[in-house]
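Going down the list, the protein sequences come from chains A and B.
Residues 1 to 272 (the working numbering) make up the first sequence, in order.
Residues 273 to 545 (the working numbering) make up the second sequence, in order.
Honestly, I wouldn't trust all of these hints.
Some, not all, of what chain A presents toward chain B, calculated at C-beta under 7 Å [as the list claims (entries may be wrong)]:
#: 1; residue: Leu17
#: 2; residue: Arg50
#: 3; residue: Pro52
#: 4; residue: Leu55
#: 5; residue: Ser56
#: 6; residue: Ile80
#: 7; residue: Ala89
#: 8; residue: Ala126
#: 9; residue: Thr176
#: 10; residue: Asn259
#: 11; residue: Phe260
#: 12; residue: Phe267
#: 13; residue: Leu269
Where chain A lies over chain B, by a calculated footprint (3+ residues, C-beta under 8 Å) [what the hints assert, rightly or not]:
#: 14; stretch: 302-311
#: 15; stretch: 320-329
#: 16; stretch: 356-367
#: 17; stretch: 403-411
#: 18; stretch: 430-444
#: 19; stretch: 493-504
In short, the hints are calculated from the structure, not lab data.
Glycine included, each C-beta is placed from N, C-alpha and C at the ideal position.
The residues making up each chain are set out below.
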Amino acid sequence: MKNVYSTKFVNATESSLAALGAAAIDLAAGARELYSVFVRTLYYVFRGRREPGALSRQMYEIGNRSLLFLSVTMGFLGMILVYQAGLQASRIVPDFTMLGATYLELLVRDFAASLGALMLATRVGAGIAAEIGSMVVTEQIDALYMCAADPIDFLIKPRFLASLAMTTSLIVWSGTVAFLAGAATAWFAFGVPFATFFNPQLVDAGDIAVGLAKCLAYGAAIPIVSGYCGLSTFGGSAGVGLATTRAVVNSSLAIIVLNFFISGAGFLLFPA
Amino acid sequence: MSAPPMNKPNAASSNATAAAAALGASAIAFAATVGAMFLLLARVVRRLVPPRIDARETLANLYKMGVKSLPIVVITALFTGAIMVIQAATIVKRYGAEGLLGWGAGFGTLREIAPLLTALMISGRVGANNTAELGTMVVTEQFDALRVLAIDPIEFLIAPRFVGIISTLFMVTLFADALALFGAAYTGNALLGVSTTTFYNGLTSGLLNFGDVATGLIKSVVFGLVIAVSSCHFGIVTKGGAPGVGRAVNASVMTSAGGVFLLDYITSFALGG
């Protein structure tokens with residue numbers, strides 16, 4: 001009897017270990033695939049064929065069509081952040097003269113890029129994965145291979161370049177929107193005059209460098225991660241929904257993890 | 273509208289008419305979507321008082337939405353806490369007030385960033401999945417099959433998902449709050465040399481109170497409601513086969529994100545300090 005139980009225990013341990021190992025192997029394989037997509041995209045940026053019009057079409061799709069969404073969400077975000085910061089400051093010192101300067105510094109260094117990119121990951125990432133995923137399940141990717149066209153060159157490269165350019169411009173724009181919305185809130189809720197709020201004295205070259213590095217990193221991460229999720233779609237139309245979900249989640253995770261490393265590096269490289 | 277312009281002088285005015293018509297059409301479509309969401313919410317609420325929802329489906333959804341989301345919530349929360357400390361570090365160093373690090377990072381994390389980022393991650397994982405699942409059911413006529421069997425789809429499919437998403441987000445936010453502070457404490461220790469004891473003292477020394485945690489939790493319930501309504505609505509109204517499911521997922525995720533920010537603003541002001 002005892003023997004049976006111990007066998008059961010061994011089996012249970014073995015199967016849970018096997019599940020853990022399988023998950024780890026899946027993760028490693030996924031990371032390697034993702035890395036390969038990234039490297040091949042970089043290769044094709046320099047060596048690939050140029051399809052006229054593809055880049056500007058993608059720039060319109062990624063940039064212009066996200067403008068309204070990003071402006072609205074970042075406008076609201078600016079109002080919320082200043083309101084919370086004002087509440088936080090009022091608990092220690094009832095003095096709002098540095099509110100605008102601190103807010104601008106945080107916005108340039110982190111919030112504009114990171115939260116704007118999370119919004120873009122939702123819109124752009126889902127769009128890229130859904131489009132490429134439905135091309136996979138309708139065998140259009142196989143058709144591309146038949147025509148000796150690498151889907152990375154043909155589909156991912158234009159999205160990668162367009163996203164690099166448009167993420168940076170959209171984040172600069174939406175950061176401006178967030179700052180103006182924040183200025184309005186500070187005036188409305190705490191009576192801070194605009195002249196006091198518009199105070200760039202805390203923003204230095206380090207903040208701008210970290211902010212721009214984040215824009216470029218996120219702009220590169222979103223199309224690569226979502227393109228990879230789209231290309232690895234399987235299982236028909238239900239699979240496209242799954243691929244979209246994975247694209248949004250994985251691009252958001254990529255942004256949060258990249259944010260941690262770039263912020264940490266920025267903190268060590270440019271001490272205040 | 274369908275007739276081509278008769279002669280050239282009319283072209284400008286017909287352009288203006290078309291633009292006005294397009295604007296009006298999108299305004300009507302927007303109002304119709306918002307109205308449909310409120311109707312859906314009202315129907316679900318009617319199934320919940322007194323509760324008439326499928327228990328087995330509710331449990332299955334809670335497992336799928338809550339337990340299965342834990343890995344991404346853990347990663348998001350730990351990194352979020354770490355990022356908040358790095359951001360607060362510059363300000364804290366400038367004033368040399370290391371004892372305030374816990375308060376500085378904790379205030380923003382508990383009230384704003386942890387509920388917001390958790391909601392965005394859950395919207396991406398659970399909301400998008402939910403729309404895809406419901407949308408696939410609609411385009412394969414499984415909703416009609418339920419109605420033929422005299423099973424109310426709202427009672428059987430929608431209400432359990434509402435309960436699942438809202439309670440998942442509430443519990444997961446509580447979990448994320450704790451983990452974010454844990455990540456923040458150890459990052460502060462490693463990066464700034466502020467001991468974790470100092471960090472926890474900064475959290476509990478009286479500058480933060482239960483109201484700050486409660487604000488974040490109330491927000492999480494509101495965000496859960498937004499994600500539930502928009503993901504179920506866009507799932508139910510899916511049209512046009514498999515490509516329609518992709519479009520529905522996209523619309524659902526964008527509406528959830530926009531709605532979360534809008535209601536974050538409203539609840540922040542309503543709850544005040």
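Structure-based check of all given hints:
no.: 1; hint: Leu17; verdict: violated (18 Å)
no.: 2; hint: Arg50; verdict: violated (28 Å)
no.: 3; hint: Pro52; verdict: violated (27 Å)
no.: 4; hint: Leu55; verdict: violated (22 Å)
no.: 5; hint: Ser56; verdict: violated (22 Å)
no.: 6; hint: Ile80; verdict: holds (5 Å)
no.: 7; hint: Ala89; verdict: violated (10 Å)
no.: 8; hint: Ala126; verdict: holds (5 Å)
no.: 9; hint: Thr176; verdict: violated (17 Å)
no.: 10; hint: Asn259; verdict: holds (6 Å)
no.: 11; hint: Phe260; verdict: holds (5 Å)
no.: 12; hint: Phe267; verdict: holds (5 Å)
no.: 13; hint: Leu269; verdict: violated (12 Å)
no.: 14; hint: 302-311; verdict: violated (count 0)
no.: 15; hint: 320-329; verdict: violated (count 0)
no.: 16; hint: 356-367; verdict: holds (count 7)
no.: 17; hint: 403-411; verdict: holds (count 6)
no.: 18; hint: 430-444; verdict: violated (count 0)
no.: 19; hint: 493-504; verdict: violated (count 0)
The structure does not agree with the numbered hints 1, 2, 3, 4, 5, 7, 9, 13, 14, 15, 18 and 19 stated previously, though it agrees with the rest.
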